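Q: Chain by chain, the residues:
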Amino acid sequence: MLSRKAIAGLIGAVLIAAVVAACGSSEEKGSSTTPKGEGLTESGGFKTPATESLTSGKKGGKLVVLQETEFEHLDPGISYYNLDYPVVFATQRPLYSYKPNEEAESTPDLAAGPPEISSDNKTVTVKLKEGIKFSPPVNREVTSEDVKYAFERGKNPNVANPYEEAYFAAVEGMPAAKGGPIKGIETPNKHTIVFHLTEPKGQIVADALVLPLSAPVPKEYAAKYDKNSPSNYASYEVATGPYMIKNNSEGKVLGVGYFPGKSLTLVRNPNWVASSDYRPAYLNEINYKIGGTVTVGEKEALQGTNIIDQERPPQTIVQEAAEHYKEQLQISPGAGDHYIAVNNKVGPFKNADLRRALWAALDREEMDKVRGGKLVTTVQTHFLYPGIGGFEQAGGLKGPAGIPYNENPQGNMALAEKYMKEGGYPTGKYSGETITVVGARGAPASEDAEIVNSTLQKLGFQTKLSLPESSIAYSKYCNVPKEEITVCPSVGWIADFDDPQTVLNVTFNGKFIPPVGNVNWSQANNPKTNEMMDKAESIQGKSARASAWAKIDEELVKEANAIPFDWDKQANVEGTQVLGVGQLWNSGEWDLSFTSLK
Amino acid sequence: MSAAEPLLRVEDLRVQFNTEDGIVHAVDGITYQVMPGKTLGIVGESGSGKTVGSMTVLGLTRYQGAEVSGKILLEGRDLVTMDDDQLRSIRGNEVAMIFQDPLSSLHPLYKVGRQLTEAILTHRDLSKAQARTRAVELLGLVGIPDPSHRVDQYPHEFSGGMRQRVMIAMALANEPKLLIADEPTTALDVTVQAQILDLMERLQRELGMAIVIITHDLGVVAEMADDIAVMYAGRIVETAPARGVFASPEHPYTWGLLRSIPRLERDRGEALVPIPGTPPSLIAPPSGCRFHPRCAYAQPSHSRIDPGLEPLAGAPDHFAACLLEPQLRRGLWGALAGGATPEEAKESAGYVEEAPEGTPVP
Amino acid sequence: MTAYVIRRVLWGILMLVVVCLTTFIIFRVLPTVNPAVLRAGRNPTPQSLKAIEHSLRLDRSLPTQFYDYLREILLHFNFGYSYGSNESVTQLIKERLPATISLTVGAAVLWIVFGIGIGVVSALRRHSYTDRGAMGGALLLVSAPEFWLGLVLLFLFSSSIGKFKILPGAGTYVGLTSDPWKWFTSLLMPWFVLAAGSAAVFARLIRGNLLEVMDEDYIRTARAKGLPEKRVVRQGVRASINPVVTLMGLEFGVLLGGAVLVETVFNIPGVGRLAYESISSSDYEVIEGTVLLAAMFIIVANIVVDIVYAFIDPRVRYA
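The listed protein sequences correspond, in order, to chains A, B and C. Going by my numbering, the letters in the first sequence line up with residues 1 to 598, in that order. Going by my numbering, the letters in the second sequence line up with residues 1 to 362, in that order. Going by my numbering, the letters in the third sequence line up with residues 1 to 319, in that order.
If you are wondering where the hints come from, they were derived from the structure by calculation, not from laboratory data. None of the values given here were measured: they were computed from a predicted structure. Any given hint could turn out to be false.
Here are the simulated lysine-lysine pairs, DSS-like style, with alpha carbons at most 27 Å apart [as the list claims (entries may be wrong)]:
hint : chain 1 : residue 1 : chain 2 : residue 2
1    : A       : K598      : C       : K50
2    : A       : K178      : C       : K165
3    : A       : K219      : A       : K190
4    : A       : K246      : A       : K482
5    : C       : K230      : A       : K262
6    : C       : K165      : A       : K227
7    : A       : K528      : A       : K458
Short, incomplete list of chain A residues facing chain C, as computed with Cβ under 7 Å [stated by the list, open to error]:
hint : residue
8    : T265
9    : V296
10   : K350
11   : N351
12   : A352
13   : D353
14   : S475
For each residue, glycine too, the CB sits at the ideal point set by N, CA and C.
Using the sequences and the hints given, assemble the complete structure.
A: In structure tokens:
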């Protein structure tokens, strides 16, 4: 009676969708470091956010933005996805934010100046600018109470901010909060907010104030929406940035300026004062068209005029753009990395020499080729990536010196066998039980998995390779330690903001191995590096932190806790009449507050 | 009668089909005629070409890609060379046809009444209401009770016999001069068979039409037919007035057909004798006399010589195509009719086997 | 007949509950992505995971979740809320429905008209170039995935990126009431893509049926009556469509499945894309709502088809 074909069709769609979802969701973002090093300017002669001009735009005009994926969360208290960020940062003003061509140093945004961190590293004080107002219908001045409420609601289960626990746990009373007042957040006056910490972690707390959670939310207006489970404040959200999502007199944006799955319209925020902001906000109106397929959207951007696409273009489009539309292509470095997670806890890769052998044997250039080659990848030699503090100190593009297995980007089997012998396999080949390799379906992840699998076999491993849907590969296998997966061939990471801790800590510190949602995929638990990281968490000062974490990076390379192969660069395309400005700190996503029309 | 013109005269009719396996010579030069108001029975096994031959009369084999040659003269007009439109005005009008399987011969999705009125309206300029009245009348004529009610029913609501009555009613709709009935009773119960044949006879009397009845069962035509043509492998092998065929059949194939009729007067102990073997391929028919592979009395030379249809001495309206001596044939049939087996008949008739021809013995 | 319809409707409702349960199991029990995990980002703490699960009511037991879900539907006709926007599923679907109805009804018309038309012409000109061309084309269309075919058409004919810029491209759909002409032109390619596979299947079926039917005894009877060939063919077509009608209900399901892809390729904001998006974000209640809606359409379509069949084929009796 009910068509089996129809059900099969729906299930098929589910599977397709799962791939899409997974591809997207593994790439959340925010990030970076100090002066623009070699990694950041290397863009093959293409436009790069690192060197773009922020002041040459012309005021006015309407921009069309194509985005094939639906927004996830535009609520500043929930938003944690690089596709949402351009809208969030055009409409919301967190305490600090990044200029598009800068990912090392954040700029005071709602804040009036840099954060004051006490000498004991346990108090962070931020002064707010005066005269910043919420958009209609709230219309009143922003006060420190609004920032406080933003943090409080983050802990409300109806909002459930995804990273507050990770970066602000040191704030007194934060872990136990459920939406009510948090003891460690004080507002001595209308324009001052103070964070009292239980541990000396002032620097990381201060750095994390670039995340959208610190954008103010008017309690008297938002509280009624936050009572819903889940909160629907996003359907009524007000803005502090130069733009606001078009709304009606009650503030409703859903069905007015935002039609899920169809469109989103950004208009100027009448209460925004240009002199209070470093953003030029050239455009008058921005129209998002949501949905469709990336191939078509990117092509429309390339052949169109006042149009950009916010998605990552597929390889074919990048190639085409590089050959025929060079002016319309931007390549942004520092878009995270990919490495092979090898199980340090159980199985053969407990043995560091076997990990080194795999590193030596792996043809990293081949691994990168399937991801689009030199245009969008760089052979990875250590874990901190270009733009992140400590990258240069850890060896820059060449990587730490004196690591033989790191010196052959095309792989060296003779060297690999030497490590196998040192690891206790006199023939140079592994002999032992079959190991499990869990990759992800769909190129390029599946192709990387195949390369890793055959490299393992060359080293004598018997492997059982499976390639489930990407989301399942992560959430059911690679993120779950008790599954005891031996190799996850292409896990990726990108920092939330510019601090080396955000790249290395949760991914390699032995204290972060939760039973689900684990991202210390190798289950690295080396007492020496654990201790170094625990200490480095509390170090104050950017450069001191950079050198401390660079040393940790070197140590991870020496221990080969994971095998890195790809520093990602991100391509973005724009129409002929667009003077696009990409966000260096956000994978080069177009910054709507700086982009203009020619 | 001899002075009258035949209603239908078929001359040297040949029908071929090109198939992937080769050319099928379904009808291979047959000639017969039907006088107005008379009945011709065409008898033969399935695959003898009798159905194809009669469908060709109505031009129905054109739709199957048949190649037709020869002449089919209906009151002197040649149907073979007629164009589709002219032919269509004759079909169902001057010449009507009913088919073997009444179950599948009616359109399952249309009411019986509609199928009848459409037959009428195709050839008659009547109003729908008039056509319907005529349809009810026709159903009554063919003996369907409560016709004014039944006319609004669908074919599946009728029994097999009733459906054949509907087919007959449809065929009679325009009072044809000639009715071709292709195995009209084969698919029906024995008791129903008799009713249908009685009906046809009655209608023929009342309406004065000629009938060509095609059957594999000589018993069916025994009482109805004025003349009989026996077909084998696309040809007529014997034709004669009905009584001639039954009284003195001349062709061994006709003998076979006669001996396979169940008859009430037959002795209990006397077994029905089927004709041995199967009908031959019409793509590559046997050489010589086409019946020789199945003929108990064939001589070696019969596989070489193709007999023509020839009149019998003393019976100018009786033709047969057999290579056996007339004398011998009479002797053989005499013995067979008395219940002898072919071997006994050969012996009593003095049958002598000829020497095999041209078989070189090393 | 009435009893039959009532029985079919009751059976349909039971099917909906089964579909509801199946969808529930497929998405909430079998290995898919926990929406809380998706939402929690890359390095969730157990606390934040728990908080999110609580806010999405995923911390209750599965039977309780299912019971709550069913109860809300049955008592309040409330199909739940989107995890993303907190918008009611009923509202979301209501907004998206016109586009999907425009797409599927238009495609169904194309499918039936072209399926039958091409099938009949092919059968009547058996082995001609027309027949060979049509059947070759049909084979191609049956095997062409909607996604691929849609992209090919866009790259050929869309005004934004096509070789021949003659038709509105992806994302140009507007409602029928706001601009009928634009509505029509923007749906031409989607209609074609969605109808192509089904039309091709039907063309082949009709052709095969008609060839068989034209050899039937009752067609011979019709000819023997002297009916003009046109009317003979009409009787043949009438009979050859019959068995295909029962397949229409099934094919309608295939059409809805295809709508998911076509709406995605052509960026038509319909229920299919809503389903696709909700699946991408593991937005359970929206998924369940859209699947239920699709199931309901398919069930209703099948009941309608069966009733229609009873009318067009007098032999069918539903005792």
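Q: Against the 27 Å threshold, does the CA-CA distance of A:K246 and A:K482 hold or violate the hint?
A: violated (48 Å)
Q: Against chain C, run the beta carbon of A:K350 and see if the smallest gap drops under 7 Å.
A: violated (24 Å)
Q: Take a quick look at whether C:K165 and A:K227 sit within 27 Å of each other, Cα to Cα.
A: violated (51 Å)
Q: Within 27 Å, alpha carbon to alpha carbon, are A:K178 and C:K165?
A: Roughly 56 Å separates the two Cα atoms, so the pair is violated.
Q: Quick one, is the A:A352 hint okay against chain C at 7 Å, beta carbons?
A: Violated, about 25 Å.
Q: With chain C as the partner, please determine if A:N351 meets the hint condition of a C-beta pair closer than 7 Å.
A: With a closest approach of 27 Å, the A:N351 hint is violated.
Q: Under the criterion that the straight-line Cα-Cα distance not exceed 27 Å, is the pair A:K219, A:K190 satisfied?
A: Within the cut-off at roughly 14 Å; holds.
Q: Does the CB of A:T265 sit less than 7 Å away from some CB of chain C?
A: violated (15 Å)
Q: Grab the minimum C-beta distance from A:V296 to chain C and call the hint holds if it beats 7 Å, violated otherwise.
A: holds (5 Å)
Q: A:K528 and A:K458 were given as a pair; does the straight-line alpha-carbon distance stay at or below 27 Å?
A: violated (32 Å)
Q: For the hint on A:S475, just tell me whether its beta-carbon gets within less than 7 Å of chain C.
A: holds (5 Å)
Q: Starting from C:K230, check that the Cα of A:K262 is at most 27 Å away, please.
A: violated (50 Å)
The structure is inconsistent with the numbered hints 1, 2, 4, 5, 6, 7, 8, 10, 11, 12 and 13, although it conforms to all the rest.
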